[in-house]
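Novice: With chain A's structure known, arrange chain B on it following the hints.
Protein sequence lines correspond, in order, to chains A and B. In the working numbering, each residue carries its 1-based index in the first sequence increased by 125. In the working numbering, each residue carries its 1-based index in the second sequence increased by 25.
Keep in mind that a hint or two might mislead.
[Unchecked claim] Some residues of chain B that are not near chain A, with every Cβ distance over 12 Å (derived):
id, residue
1, ALA46
2, GLU56
3, HIS89
4, THR298
[Said to hold, decoys possible] Ranges between beta-carbon positions, derived for each pair:
id, chain 1, residue 1, chain 2, residue 2, range
5, A, GLU374, B, GLY236, 23 to 31 Å
6, A, GLU340, B, GLU107, 22 to 30 Å
7, B, ARG59, A, GLU266, 19 to 27 Å
8, B, HIS276, A, GLU374, 24 to 32 Å
9, B, HIS276, A, THR424, 30 to 38 Å
10, A, GLU374, B, GLY113, 31 to 39 Å
11, A, GLU263, B, ASP43, 39 to 47 Å
12, B, GLU107, A, LEU190, 21 to 29 Å
13, A, HIS228, B, HIS276, 49 to 57 Å
14, B, PRO86, A, ARG397, 50 to 58 Å
[Claimed, not checked] List of simulated lysine to aspartate or glutamate pairs, DMTMM-like, C-alpha gap at most 20 Å:
id, chain 1, residue 1, chain 2, residue 2
15, A, LYS413, A, GLU340
16, A, LYS260, A, GLU213
17, A, LYS351, B, ASP43
18, A, LYS281, A, ASP296
19, A, LYS373, A, GLU347
20, B, LYS357, B, GLU338
21, A, LYS413, A, ASP355
22, B, LYS277, A, GLU356
23, A, LYS351, B, GLU69
24, A, LYS411, A, GLU383
25, A, LYS413, A, ASP323
26, A, LYS351, B, GLU307
27, A, LYS197, B, ASP177
28, A, LYS324, B, GLU49
29, A, LYS197, A, ASP172
30, B, LYS336, B, ASP299
31, B, LYS370, B, ASP318
32, A, LYS324, B, GLU45
33, A, LYS260, A, ASP273
34, B, LYS277, B, GLU338
35, A, LYS197, B, ASP39
36, B, LYS277, B, GLU257
37, A, LYS260, A, GLU398
38, A, LYS197, B, GLU107
39, A, LYS351, B, GLU92
40, B, LYS277, A, ASP355
These aren't lab readings, by the way, just hints derived from the structure by calculation. Bear in mind that the values here come from a model prediction, so they are computed numbers and not experimental data. The beta carbon of each residue, even a glycine, is placed where N, CA and C say it ideally should be.
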Amino acid sequence: MTVKVPAAVDLKLKLKQEPNFRDRLYRHLEQSGRLSDLAQQCHTFLDEAVAIFSKACVGKRGLVLIVDSFEKVRGDFLRSEEVRFAVETIFTRDWRWLCLPFHVIYTAPAWLTFFESGTNAQLGMVSILPMCRLKDHETGEVVPAGFDAMRQILEKRMSIEKVFADTAPLDDVIEASGGYPRDFLRMMREILLRAIMDKITPPISSADLSRIVTEVIRGQIEVYSKPIFDEDLPMLFEVARTHDVPRKERSQVFRIAELFDHHFVLGYLNGREWYDLHPLVRRSRKVKAGLQEADANKTEQQE
Amino acid sequence: MPTRPSSKSDQPFDLGQDGEAQFERLRASIEHGRGFELYFCGFESLASLAEVKRRLSTTLPPGHVFETLPLETPAALRTIAELLAAIGPVPAGRRIVFAGPSGWEEDVKAEWAVALRRLNERRNLTIRECPNAIVLAGPSWFPWLAHDEAPDLWSVRTAVFAFPGIAPARDKSPTLEPSDWRSGLPMAHELQPPEYYEELAAALEGSRRPGEQETRGRLLLRASAAWQLHGEYDNALRAATNARDAFEDAHKELMVAVTMGKIADILQQRGETDEALRILREEVLPVFERLGDVRARAVTMSRIALILYQKGELEEVFAVLGEAAAAFEQLKMANEAAQVRGLQKIIVEVKGSPSERRTAEENRDQLST
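Extracted from the complex, chain A is given alone in its bound form (with noise of 0.2 Å):
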């Protein structure tokens, strides 16, 4: 069913083309407190399009909006503090407005995430991502119904048993990252790619794929590493030693929340959320010198 609305769509294009337009229309709404009503109109619009959904699809259980990106959103490069601080307002102050009579996934800013107060208590329930489970955070012992998890993913896109000898090998790939699945996948390419460049033909012996697995990781653990700060390390130490996000400060919670962004930090959930830090941040040079010194220290207390 297709509705034609030249008007809307020249709004539409407007808006989304022209920033003054949008800027303007905005100080209008609010000086004349007339974004109340928008928003009442909007919602009183969903209402109806709610029902003229159930009446074209009989037989389904409900509608689900997803409202992607959210989280991306930053604004311009003058006004990114704005920007941040209008996404808090929404989640936080005008939430009552993001419940709409159907259910609604939106997603938004991890640093949203880790604060205590607010959205978590008003609008719903606030949940990370969660990366597939491959440990026991508290054991850490090997969970495997994770590692089936992953090659399944990679089973969906190739036929693994022509392509390689022994898949022995890939449950480093799959440890290592962290069970993030578009690591593991970035991994995998660059597996078959190097595989490619040294003319192997498949099915890749077990030899070969345990040498370019351990190449593949070697180079994946620098990409990881370069662009890690050094203030940060204390941070990630933290995640590595409580399984938690410090979250006591509001620049705290903006910082975690960039390592979040970055998947330095990697969430997980059974039960609980817990975290950890991403295997391949954890195997660079500097993180597993400072694990390692931490662990000295620990030792050298306890004797």
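Specialist: Leaving out everything else, chain B in the frame of chain A:
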């Protein structure tokens, strides 16, 4: 910082062992990849960037179409999302889109920061609009800027390629293209409006990396120079003070001193000669002396002499100019030394040489006794 000339030669040249390995990886990625893929390439040498671009445009297998985004100036990066969207896919085969803007390195860095943030925000849209192999090229810091500014972009179907520098002896190209990433400060006629530089500097304000803060300082220095040209000394002073703070954050002692010299310059133009003199003597000169920068010290001495001349303290001017001239002579900077010696002559003409004046004063004393 890549400042070497880019090669205009059509003849292939060796990128060095690591460079060749990186190129082979890039080439294989392009040949075997599909759909949207993003390659962040950092180059230490402009010559190797030109060579990689040449190879990509001429040696790809059939079915691959090479296209360069029209990014003649760094500011063109502001439309990169629209440019990518306008390209569209190739009906059969694969399109390689190359984006490597040229211009002043500081401008390039700040504009990339803005562009990367924008691409990060509309990542999903770009993936749909431009399902091609996109090669984003810049100086060696570029991939790490992308990491900081565009974490989501970074984590999706991307790969990083770091091309090392090449031996200067292998780079035969005699000319420096005007579009190269250049270091230093532009000439007055090359300056953009001051607001342009202040906007760019703001793009890097949030970064915690010293390199980015140094770049921000350089952009603010340019803003200051542009304000100064417009005769707006208060704004020039504000921009220079912000530049100094940025250099301090980046722990760039030399640049802090250079900026203090700039601040002294502005104060002098505003008629605050005593403060200008104090800054040059107490905050600029000691740094150049400690760092052993003889040339910068000589230039500063000359500037001190000019302020003293304005104040009418001619005797001290003569001595300071003498020190400056000696330093220039030591550096075999004959033109500068001759200019300073010329200034000394003018002082003598105005007031007589110190020895002549000393003799005259002694004669006067003898006569009085």
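Novice: Would you mind marking each hint as holding or not holding in the structure?
Specialist: Tested hints:
1. ALA46: Contrary to the label, ALA46 (chain B) does not stay out of reach of chain A, its closest Cβ about 9 Å off (not over 12 Å).
2. GLU56: The assertion about GLU56 (chain B) is violated, with a minimum of 9 Å to chain A.
3. HIS89: 16 Å, holds
4. THR298: 36 Å, holds
5. A:GLU374 <-> B:GLY236: 23 to 31 Å: For GLU374 (chain A) and GLY236 (chain B) the Cβ distance comes to about 27 Å; the hint holds.
6. A:GLU340 <-> B:GLU107: 22 to 30 Å: For GLU340 (chain A) and GLU107 (chain B) the Cβ distance comes to about 39 Å; the hint is violated.
7. B:ARG59 <-> A:GLU266: 19 to 27 Å: Since the Cβ atoms of ARG59 (chain B) and GLU266 (chain A) sit about 38 Å apart, the hinted range of 19 to 27 Å is violated.
8. B:HIS276 <-> A:GLU374: 24 to 32 Å: Roughly 25 Å apart at Cβ, these two residues keep to the hinted range, so it holds.
9. B:HIS276 <-> A:THR424: 30 to 38 Å: 36 Å, holds
10. A:GLU374 <-> B:GLY113: 31 to 39 Å: 48 Å, violated
11. A:GLU263 <-> B:ASP43: 39 to 47 Å: Given a distance of about 43 Å, which is inside 39 to 47 Å, the answer is holds.
12. B:GLU107 <-> A:LEU190: 21 to 29 Å: With Cβ atoms ~28 Å apart, the hint holds.
13. A:HIS228 <-> B:HIS276: 49 to 57 Å: 51 Å, holds
14. B:PRO86 <-> A:ARG397: 50 to 58 Å: For ARG397 (chain A) against PRO86 (chain B), whose Cβ atoms are near 52 Å apart, the range 50 to 58 Å holds.
15. A:LYS413 <-> A:GLU340: At roughly 19 Å apart (the allowed maximum being 20 Å), GLU340 (chain A) and LYS413 (chain A) satisfy the hint.
16. A:LYS260 <-> A:GLU213: Roughly 34 Å separates the two Cα atoms, so the pair is violated.
17. A:LYS351 <-> B:ASP43: Judged against 20 Å, a Cα distance of about 18 Å means the pair holds.
18. A:LYS281 <-> A:ASP296: 17 Å, holds
19. A:LYS373 <-> A:GLU347: Between LYS373 (chain A) and GLU347 (chain A) the Cα gap is close to 31 Å, so the pair fails against 20 Å, i.e. violated.
20. B:LYS357 <-> B:GLU338: 29 Å, violated
21. A:LYS413 <-> A:ASP355: 13 Å, holds
22. B:LYS277 <-> A:GLU356: Judged against 20 Å, a Cα distance of about 19 Å means the pair holds.
23. A:LYS351 <-> B:GLU69: 16 Å, holds
24. A:LYS411 <-> A:GLU383: 19 Å, holds
25. A:LYS413 <-> A:ASP323: 31 Å, violated
26. A:LYS351 <-> B:GLU307: 39 Å, violated
27. A:LYS197 <-> B:ASP177: 8 Å, holds
28. A:LYS324 <-> B:GLU49: Holds, at about 13 Å.
29. A:LYS197 <-> A:ASP172: 28 Å, violated
30. B:LYS336 <-> B:ASP299: 9 Å, holds
31. B:LYS370 <-> B:ASP318: 26 Å, violated
32. A:LYS324 <-> B:GLU45: 17 Å, holds
33. A:LYS260 <-> A:ASP273: Holds, because 12 Å separates the two Cα atoms, which is no more than 20 Å.
34. B:LYS277 <-> B:GLU338: 34 Å, violated
35. A:LYS197 <-> B:ASP39: 41 Å, violated
36. B:LYS277 <-> B:GLU257: 27 Å, violated
37. A:LYS260 <-> A:GLU398: Judged against 20 Å, a Cα distance of about 14 Å means the pair holds.
38. A:LYS197 <-> B:GLU107: Distance ~18 Å between LYS197 (chain A) and GLU107 (chain B) Cα, so the pair holds.
39. A:LYS351 <-> B:GLU92: 31 Å, violated
40. B:LYS277 <-> A:ASP355: With a Cα-Cα distance of about 18 Å, the restraint between LYS277 (chain B) and ASP355 (chain A) holds, given a limit of 20 Å.
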